[in-house]
Amino acid sequence: MQSKIHIKQTQKRHNQWLDNAIKYILMGFAILSSSFIFIIAGVIMVKGVTPFITNNGGLGRVNLADFLTGSTWLIGESFNSNLYAVGFLIISTLFIAFLSLLISFPVGVLTALFIAKIAPKKLAETLRTVIEMLASIPSIIYGLFGAGIILKLVYDFSTILGFQSKGGNSILSSVLVLAIMTIPTIASISEVAIRSVDKSIEHGSLALGASKTQTHFKVVLTSAKSGIFTSAILGIGRVLGEATAVSLVAGGRRSGINFNILDTTSTLTTMMLEGMKETTGLDYDIRFSVGIVLMIVILITNFTLNYIKRKVGNVDVK
Amino acid sequence: MLNSRRKKDLILQSITYMASFISLFVLISILLFVFLNGFKLLNMDLITHNFESTSYIADLKDFTGPGVFNTNKDFDDHTYYSTKWGIALSDSENLMGHTIVLVTYVHEDSPFNDLRNKGVATQDLMLDVDYEIVRIAFDDGPSALSIQGAQNMIQVLDTKTTFRELEYSTSGGGIRGSIITTLYLIGLTLLIALPVGVGAALYLNEYAPKNKFTKALRNLIETLTGVPSIIYGLMGLALFVPITISLTKATGANLISGALTLSVILMPVIIRTTEESLKVVPDDYRHASLALGGNKTQTTFKIVLPSAFSGILTATLLAIGRIIGESAALVFAVGTAIKDHVSIYDKSTSLSVHIWAMMTDEPANIELSTTIAIIILVIVLSMNLSIKLISKRLLRKYGVTHE
Chain U
1 MQSKIHIKQT QKRHNQWLDN AIKYILMGFA ILSSSFIFII AGVIMVKGVT
51 PFITNNGGLG RVNLADFLTG STWLIGESFN SNLYAVGFLI ISTLFIAFLS
101 LLISFPVGVL TALFIAKIAP KKLAETLRTV IEMLASIPSI IYGLFGAGII
151 LKLVYDFSTI LGFQSKGGNS ILSSVLVLAI MTIPTIASIS EVAIRSVDKS
201 IEHGSLALGA SKTQTHFKVV LTSAKSGIFT SAILGIGRVL GEATAVSLVA
251 GGRRSGINFN ILDTTSTLTT MMLEGMKETT GLDYDIRFSV GIVLMIVILI
301 TNFTLNYIKR KVGNVDVK
Chain Y
319 MLNSRRKKDL ILQSITYMAS FISLFVLISI LLFVFLNGFK LLNMDLITHN
369 FESTSYIADL KDFTGPGVFN TNKDFDDHTY YSTKWGIALS DSENLMGHTI
419 VLVTYVHEDS PFNDLRNKGV ATQDLMLDVD YEIVRIAFDD GPSALSIQGA
469 QNMIQVLDTK TTFRELEYST SGGGIRGSII TTLYLIGLTL LIALPVGVGA
519 ALYLNEYAPK NKFTKALRNL IETLTGVPSI IYGLMGLALF VPITISLTKA
569 TGANLISGAL TLSVILMPVI IRTTEESLKV VPDDYRHASL ALGGNKTQTT
619 FKIVLPSAFS GILTATLLAI GRIIGESAAL VFAVGTAIKD HVSIYDKSTS
669 LSVHIWAMMT DEPANIELST TIAIIILVIV LSMNLSIKLI SKRLLRKYGV
719 THE
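Note that the protein sequences, when read in sequence, are chains U and Y.
The first sequence begins at 1 in my numbering and counts up by one.
The second sequence begins at 319 in my numbering and counts up by one.
Isolated chain U (complex conformation) (with noise of 0.2 Å):
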């Protein structure tokens, strides 16, 4: 009796033990998880200083301040120089996300309400699916269907208005392409948050005498004002971030500010990309300080949007 007791109570310890460490563990799989936002963020740092820092074989330190404000890339291999700058990249980067947004957020937003409020359920249903399948489509596919039919159909435009275009890589290609990726992000979010402004709001509107349509874009848009900026703030992310699909269709500008639609441009991401099947020393090193400019970019603008959003302010939705 007395060691069946004395086993149960091992039996008992052991089954702790075995508790405990199963869930450090599992805490360590949590920890690491979230620990990479850092180990990126310090890679990247310490990989993209170094062009900074060093005499990077021979070819003599980046100046930071040219490389932010400067508007000609190198390539450093053939030049053998370190002139590398991103300062146009990072304005024709904004310009042209700036210039998608202007496409895909009205799409987007009144994509969103027609599912939301406007159409009869069955064909709600369908457009759902339809958006869900957009945004499911990997990102190098719309850079091929840019490739293969936006390019041409740019590159007729361009002809009609006497525009000489390379082949139809363009920023009105990039934004085209850009702007086509980012409408089932922008709808899908919105339809949420227009889904969710209460019905009260809605039925006084309308208890006022307004039409449905007044209501819909005077009461319920602006309602879901927040949830909607949301969802602009996630495409311009998603913007600034693409790169196999825009580098289809960009065209490769290594010099100058340019904001000629018809014409070729470059942006952070297709830079990074550039040559990469064969690159070494500077020209390797010299993608990851990019890499640190894109983030910084992406944070700002992140900041300044929600700032924006903040300060636009909220009505109320519950």
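Note that these hints are calculated values from the structure, not bench results.
Glycine included, every Cβ here is placed at the ideal spot set by N, Cα and C.
Errors might be hidden in some of the hints.
Unchecked claim - Here's a subset of chain U near chain Y, in silico, CB distances under 7 Å, partners left out:
| no. | residue |
| --- | --- |
| 1 | L18 |
| 2 | F36 |
| 3 | I37 |
| 4 | V130 |
| 5 | L134 |
| 6 | I140 |
| 7 | L208 |
| 8 | S211 |
| 9 | T213 |
| 10 | T215 |
| 11 | G237 |
Please build the complex by placing chain Y on the supplied structure of chain U, with the hints as guidance.
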């Protein structure tokens, strides 16, 4: 007044209608573009063939003279068979639209099974089905060229008793290597990401106390979703590539570093999806298990985890879809060299990177790219559909209605 309002309403409404049909239009045009362009190359050869085609110039080895090689195989009207040499040829067209001569059948005793690479005397070669014959040169008389067609080539061959050299190229344009790479990447990534991701989700949902630290962990994991994939690629290049080089026999970017990078990308998706399915498991299950004397570990792994199976399955499917579609991160972490002989310690391309590598080459190969795109689209869209079905069933199982 009322009339102008109605007009305004009508305009606004029609704008809404038009805007929402843009998405439908875009989806249809993408599908049409991909299928119309890529369909003609879609067949089994594509999946089994190598990508690189190699050209050889060969002559006959230990040749004793032509014989009589009868066959009871049926050939169609455009295939020409030489009983003297035991080989059947047919006319075809390559991707550029040029006429080419393809081998459609080689008799098992045919002298074409016994060839020798000219110049490199040690390499034995043999002709196989779907190889492309460029020319056959003879000592007496002009060469038979592929441009003159298969019929001419067979007729010339039948008049000769031997030939000086044969130039041919093996069949290329297949994507076997990239398919194998993609499968390796899926397997390796799931092997790494699923245990860690599901473990982290179990901790957050079952063990973690509700305090600031847990909240911080959740927020940090959520932040990962906002990081663009090209940044993950840089991280893989700077961190995982050196690690794998020092631990394995790899010398550069490799599939293991790619799988590690993909695992980090997928971590937030797997954790969130698993956690959502853990949340719908009713607390009664946990209480019942504990009341029956099960300890925490038993309850978690034998009661809660099996109930969350469909959530983990959803996470797996989402992960597979993401791995197949990922391109920017893999360009950095696995490289862009299209390989036929895949090793996990070497560079290679997944299907998406294969498209990117071909599209950034000069000239871009849109036909083959769209064919690969068909494969990717079919897999990704069917994954999406099954996820929808699974989550519907999961919700029904626990009596949670949609919305």
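Against the structure, the hints come out as follows:
no. : hint : verdict
1   : L18  : holds, 6 Å
2   : F36  : holds, 5 Å
3   : I37  : holds, 5 Å
4   : V130 : holds, 5 Å
5   : L134 : holds, 5 Å
6   : I140 : holds, 4 Å
7   : L208 : violated, 14 Å
8   : S211 : holds, 5 Å
9   : T213 : holds, 4 Å
10  : T215 : violated, 10 Å
11  : G237 : holds, 6 Å
In this structure, the hints that do not hold are numbers 7 and 10, in rising order.
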